[in-house]
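Visitor: Sequence:
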Amino acid sequence: MSLFKITSHPKFPEYYKYCENTGTCFYIPAKPRSYSNSYFMDEYKAQYKKTYYEDEASLRTLAKKRLQILEKFNRPKKTSLLEIGSAAGFFLDEAQKIGYKTKGIEISESEVNYSRDKLGLDAESISFLDFNSDTKYDCIAAFFVLEHFSDQEKVLSKIFSLLNEGGFVFLALPSLYGPTFSTNPEEWFKTHPEDHFADYSPLSLKKVFQYFEAKILYCEPMSFHVSRDRGIRGMFPFKIFYNSLAKLTSYGDTIQILAKRR
Numbered sequence: 001m002s003l004f005k006i007t008s009h010p011k012f013p014e015y016y017k018y019c020e021n022t023g024t025c026f027y028i029p030a031k032p033r034s035y036s037n038s039y040f041m042d043e044y045k046a047q048y049k050k051t052y053y054e055d056e057a058s059l060r061t062l063a064k065k066r067l068q069i070l071e072k073f074n075r076p077k078k079t080s081l082l083e084i085g086s087a088a089g090f091f092l093d094e095a096q097k098i099g100y101k102t103k104g105i106e107i108s109e110s111e112v113n114y115s116r117d118k119l120g121l122d123a124e125s126i127s128f129l130d131f132n133s134d135t136k137y138d139c140i141a142a143f144f145v146l147e148h149f150s151d152q153e154k155v156l157s158k159i160f161s162l163l164n165e166g167g168f169v170f171l172a173l174p175s176l177y178g179p180t181f182s183t184n185p186e187e188w189f190k191t192h193p194e195d196h197f198a199d200y201s202p203l204s205l206k207k208v209f210q211y212f213e214a215k216i217l218y219c220e221p222m223s224f225h226v227s228r229d230r231g232i233r234g235m236f237p238f239k240i241f242y243n244s245l246a247k248l249t250s251y252g253d254t255i256q257i258l259a260k261r262r
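Residue numbers for the sequence shown follow our numbering, beginning at 1 and rising by one.
Treat the hints with caution; some may be incorrect.
Below are the DSS-like pairs computed for lysine-lysine, each with C-alpha atoms no more than 25 Å apart in a straight line [said to hold, decoys possible]:
1. K77 - K65
2. K215 - K247
3. K17 - K5
4. K260 - K154
5. K5 - K101
6. K136 - K5
7. K72 - K136
8. K154 - K72
9. K154 - K77
10. K239 - K17
11. K136 - K97
12. K78 - K65
13. K101 - K78
14. K101 - K207
15. K17 - K154
16. K260 - K239
17. K206 - K158
18. K97 - K260
19. K207 - K11
20. K158 - K17
21. K247 - K5
22. K11 - K206
23. K72 - K207
24. K72 - K50
25. K72 - K190
26. K72 - K247
27. K45 - K158
28. K215 - K101
Hints listed in this document are in silico derivations from the structure and should not be mistaken for laboratory results.
Given the structure is predicted, the values throughout are model-derived calculations rather than measurements.
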C-alpha cells in the first residue's frame, strides 16, 4: 500500500498537490537544484548575515540542545547515529563527544572534507538516496533536509529501512501549522523555497510516522513569531500567552520532531 494518496489541494490547487492519507502537501512549482560547495557560504550568509563557519558557536549550541532533547529518551553510550545532511559536522562532533558512534552523509565535498580533516569524523560525500549500508542505526537525524527530496515516500522508506527497532528519527523542517501559512498564505507562497518539494504539519507527520510504526515523543516550534500571526493568536490578550500556547500545540513556522520506532 502506498503511503501517499495524491489529489488536488482543496484550497490552493495552483500550488499544492494534497495527500488524502496524511495531509502532506506537495509543492507543484518545486524544482531540483544543485547544492554546490558554495551553498553553505552564500545562502547561509544571505539568510543569517554571517557565514556558516562564522556561526559555528551558535550552531554548536543548537546541536547541544538537540542532543539534550534526544537524551531525555535515549542514553548516548554506544548508540549509532546517522545524520543526513551533516554539513561541516558540528552536530556529529557534539554527539561524538558524549558517546555516540556517528556517521555523516553530506552532498557538499568541501563540508565533508572539513568534517573529516578538521574534526576527524566519519563522513561521506554522497546523496542519501545513493547511500548504501549494511549497518542499521539507532538514531537518524535530518535537519532541514527532508523537504529537499522530490520523492518523499522513497526517502522516508529508506530512512526507516536503515533504522533499528526501537530507534529514533529526529527531524527539523518547515511546518504548515504555523503563523505564516495559517494566517498569511500569500506570504508563505511568496517566500516558499523553490527546492522544497513537500510541506508537513505535526499532524501529517504523526500519520506518516504511524505508517512506519513510529510514535512521536517530542514536537515543538524552533522559534516563535507572534508578529507574523494575523489571526486571533496574534491579538491582545492572546499574544501575551503566544509562546506558551505555541509550544504546547507545536504551532510554528519551523518545528523539531522526534519519533521512536516501535
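Visitor: All the hints need checking, so say for each whether the structure fits it.
Guide: Checked hints:
1. K77 - K65: Since the Cα atoms of K77 and K65 sit roughly 18 Å apart, the hinted pair holds (cutoff 25 Å).
2. K215 - K247: Distance of about 19 Å is within 25 Å: holds.
3. K17 - K5: Holds - the C-alpha atoms of K5 and K17 are around 10 Å apart, at most 25 Å.
4. K260 - K154: OK: K260 and K154 at ~19 Å, within 25 Å.
5. K5 - K101: Since the Cα atoms of K5 and K101 sit roughly 37 Å apart, the hinted pair is violated (cutoff 25 Å).
6. K136 - K5: Judged against 25 Å, a Cα distance of about 29 Å means the pair is violated.
7. K72 - K136: holds (22 Å)
8. K154 - K72: Since the Cα atoms of K154 and K72 sit roughly 30 Å apart, the hinted pair is violated (cutoff 25 Å).
9. K154 - K77: Violated, at about 31 Å.
10. K239 - K17: Roughly 33 Å between the alpha carbons, so the hint for K239 and K17 is violated.
11. K136 - K97: holds (21 Å)
12. K78 - K65: OK: K78 and K65 at ~20 Å, within 25 Å.
13. K101 - K78: Given that 25 Å is the threshold and the Cα spacing comes to 6 Å, the pair holds.
14. K101 - K207: violated (30 Å)
15. K17 - K154: Answer holds: K17 to K154 is near 17 Å, not above 25 Å.
16. K260 - K239: violated (33 Å)
17. K206 - K158: holds (18 Å)
18. K97 - K260: holds (23 Å)
19. K207 - K11: holds (21 Å)
20. K158 - K17: holds (23 Å)
21. K247 - K5: Violated. K247 to K5 sits at ~30 Å, over the 25 Å cutoff.
22. K11 - K206: holds (22 Å)
23. K72 - K207: holds (23 Å)
24. K72 - K50: Violated, at roughly 32 Å.
25. K72 - K190: violated (38 Å)
26. K72 - K247: Status holds; Cα separation ~17 Å.
27. K45 - K158: Outside the cut-off at roughly 32 Å; violated.
28. K215 - K101: holds (24 Å)
Violated hints, listed in ascending order, are 5, 6, 8, 9, 10, 14, 16, 21, 24, 25 and 27; each of the other numbered hints is respected by the structure.
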